[in-house]
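Each chain is listed here by its residues.
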Amino acid sequence: NAGVMQNPRHLVRRRGQEARLRCSPMKGHSHVYWYRQLPEEGLKFMVYLQKENIIDESGMPKERFSAEFPKEGPSILRIQQVVRGDSAAYFCASSPRDDVYTGELFFGEGSRLTVL
Amino acid sequence: AQSVSQHNHHVILSEAASLELGCNYSYGGTVNLFWYVQYPGQHLQLLLKYFSGDPLVKGIKGFEAEFIKSKFSFNLRKPSVQWSDTAEYFCAGNQGGKLIFGQGTELSVKP
Chain D
1 NAGVMQNPRH LVRRRGQEAR LRCSPMKGHS HVYWYRQLPE EGLKFMVYLQ KENIIDESGM
61 PKERFSAEFP KEGPSILRIQ QVVRGDSAAY FCASSPRDDV YTGELFFGEG SRLTVL
Chain V
1001 AQSVSQHNHH VILSEAASLE LGCNYSYGGT VNLFWYVQYP GQHLQLLLKY FSGDPLVKGI
1061 KGFEAEFIKS KFSFNLRKPS VQWSDTAEYF CAGNQGGKLI FGQGTELSVK P
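Heads up: the protein sequence lines correspond to chains D and V, in order.
The letter at position 45 of the first sequence is residue 45 when you use my numbering, and the numbering goes up by one with no holes.
The letter at position 46 of the second sequence is residue 1046 when you use my numbering, and the numbering goes up by one with no holes.
Honestly, the hints are just simulated from the structure, not real lab data.
Think of the CB as a built atom: it goes at the ideal place given N, C-alpha and C, for glycine as much as any other residue.
Partner residues aside, some chain V positions facing chain D, computed with beta carbon under 7 Å:
#1 His-1043
#2 Leu-1044
#3 Lys-1098
#4 Phe-1101
#5 Gly-1102
#6 Gln-1103
#7 Gly-1104
Calculated from the model, a selection of chain V residues having no Cβ within reach of chain D, i.e. all distances over 12 Å:
#8 Pro-1055
#9 Lys-1071
#10 Thr-1086
With beta-carbon atoms standing in for the labels, derived distance ranges:
#11 Gln-81/D - Asp-1054/V: 45 to 55 Å
#12 Ser-1080/V - Glu-68/D: 45 to 55 Å
#13 His-10/D - Gly-1096/V: 30 to 40 Å
#14 Gln-1002/V - Gln-50/D: 22 to 32 Å
#15 Ser-1080/V - Glu-104/D: 27 to 37 Å
#16 Ile-1012/V - Arg-9/D: 26 to 36 Å
#17 His-10/D - His-1010/V: 23 to 33 Å
#18 Gly-85/D - Gly-1053/V: 41 to 51 Å
#19 Ala-1016/V - Leu-116/D: 42 to 52 Å
#20 Leu-1056/V - Ser-66/D: 39 to 49 Å
#21 Asn-7/D - Pro-1040/V: 16 to 26 Å
#22 Gln-1002/V - Arg-97/D: 16 to 26 Å
#23 Ala-1017/V - Ser-66/D: 44 to 54 Å
#24 Asn-7/D - Gly-1053/V: 36 to 46 Å
Pulled out of the complex, with its shape left as it was, chain D reads as follows (with noise of 0.2 Å):
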């Protein structure tokens, strides 16, 4: 699947810190959305991004986390001064278009994000 591409795949840092992690969407795509997967826990939508807008963020925390789809680059989930309950797995998709209701969404492998 030379589809979508996450970086890093894994990803330590210490309380306070601050994560940086990127998805770079399907060649075409325009629209992503990023996930969550606590230990044990299923995914967890956080938010879904166009291009340069932010379409829903009803799943992301109020504080601490931020994310971005610029126009040109990939997309970038932000959490500032990390706390252990960050850690976890961390899923970008994307899609050509507002294709939820097809199922394409195009997942990539996801960034583990381990806070010491």
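Since the structure of chain D is provided, determine the placement of chain V on it from the hints.
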């Protein structure tokens, strides 16, 4: 709140055994349901999807799922599993333009 739930967290089967993974959803109206699979170290892949019509949907790799409206269920089935089916399986439904996932079921198939 609208939700999707999977009751089996970890299932262990021997090769050739039949598989059924449960999935229930809690909302009405238009229902679009999906099953995704994540093989070890790989990204999530779409197994199958249901939008309307025939409630029995066929997916890749011999998987199928049946939508039963009266039971709010969309269980995944396979008549005979293989060792290569070892993976984590996620049920999902759409909600306002985004996918809502169940907790996932880890399937281990013993050779």
